[in-house]
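Asker: The chain contents come next:
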Amino acid sequence: SQTIHQWPATLVQPVGSPLSLECTVEGTSNPNLYWYRQAAGRGLQLLFYSVGIGQISSEVPQNLSASRPQDRQFILSSKKLLLSDSGFYLCAWTPTFSRRRVFGQGTRLTVV
Amino acid sequence: DQQVKQNSPSLSVQEGRISILNCDYTNSMFDYFLWYKKYPAEGPTFLISISSIKDKNEDGRFTVFLNKSAKHLSLHIVPSQPGDSAVYFCAASGNYGQNFVFGPGTRLSVLP
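Protein chains in written order, with the working numbering: chain A, 1 to 112; chain B, 1 to 112.
Here chain B stands alone, though its shape is the one from the complex (with noise of 0.2 Å):
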């Protein structure tokens, strides 16, 4: 039982226009959310989070929108640039952090 879903196994974007990456998640118990970046042979990076107490968080190029109700969040990037290109995972904790779990990712490519 996945608990946490990203749909698009891959998105390809121009340089210069929004990316939107998706996510849903069944467990209502998170309660907070988490996005990763991935290039090939190294490890996630953290690039941002939300808790459910906002439905919006913004952090440069990156913002991320939470919709509990629908159990739905999104990260748009605005301007993509091809550096972005890589792996986003979708990652959601709750319990305190006990329970963090991780989407299948995304492959963005973002083209010059």
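The shape of chain A in the complex, shown without the other chains (with noise of 0.2 Å):
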């Protein structure tokens, strides 16, 4: 079966200190994967996506950036943390033949 994982759950970090989530999809080949947030009472606003190893398309400029080391690995990842990088993040693919969004269970991100 196609699956999603994301990790880890929640992670408290302090300023300045570096980044990395990582995402993994199993079950498919070639996925199409995009990394989300949403900040706190906002909605869902789109990071990256990837549409294969190594194309990584950024959607608004931050503080972070993505990689795609393999087909089915997605990683985000930052330098140095901000207080405004905190939010839940979200990893996603579209399944072959969908047009859905199907979400991983998301990374609480505190920076204090």
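Certain hints may be false.
Among chain B residues calculated to face chain A with C-beta under 7 Å, some are [stated by the list, open to error]:
#	residue
1	P44
2	F46
3	S93
In short, the hints are calculated from the structure, not lab data. Because the structure is a prediction, the values reported are computed rather than measured. Backbone N, C-alpha and C fix where the C-beta goes; we use that ideal spot for every residue, glycine too.
Can you join these two chains into the complex? Each is in its own frame, and there are hints to help.
Answerer: Printed below as a string of structure tokens:
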């Protein structure tokens, strides 16, 4: 079956520290992958998407970056976190022949 | 510029009554619309969708209505249950899914 895994579930990091969130998809190949952020009281904002290994498109300029080192792995990173990076981060993918986004469980990031 | 709007940030409904959540969009190129449900600290889960060639789609207690001329869609939940309490996101898709936009969400509270 096709599943998406995202970790960690929660993370508390000090300002200026690095970040690495990982997302993997199982049961499919060459998926379209996405990183979203939900800030407190706001909707879902698309941060990055990838249609293949090494192919990353950025939707919003910011303190974050994304990488896709393997076909089913998508990583969200930052070299130095800011307070404003706090939020709920979601990885998602689009199943073949579908127009839906399927989301992971999310990571609650708190920058202190 | 918000392409997808959910003008009610919150809604409270008595258990057993109908819940109606509204969504408006501005981009006439959108041709596929989805509703997602999100519990706190979890990723959104797909609820129901509708293509622009239809004006109604029903799945159990959930019905989505689409009014293309008004660029408006609504989600009806009948009867509402306490477990329906969550944030509901409207999403719109166009250009074969390459353009996928979420609304800001409506928090539904179903009171016992």
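Asker: Would you list, in rising numerical order, the hints stated earlier that this structure does not obey?
Answerer: No hint contradicted; all consistent.
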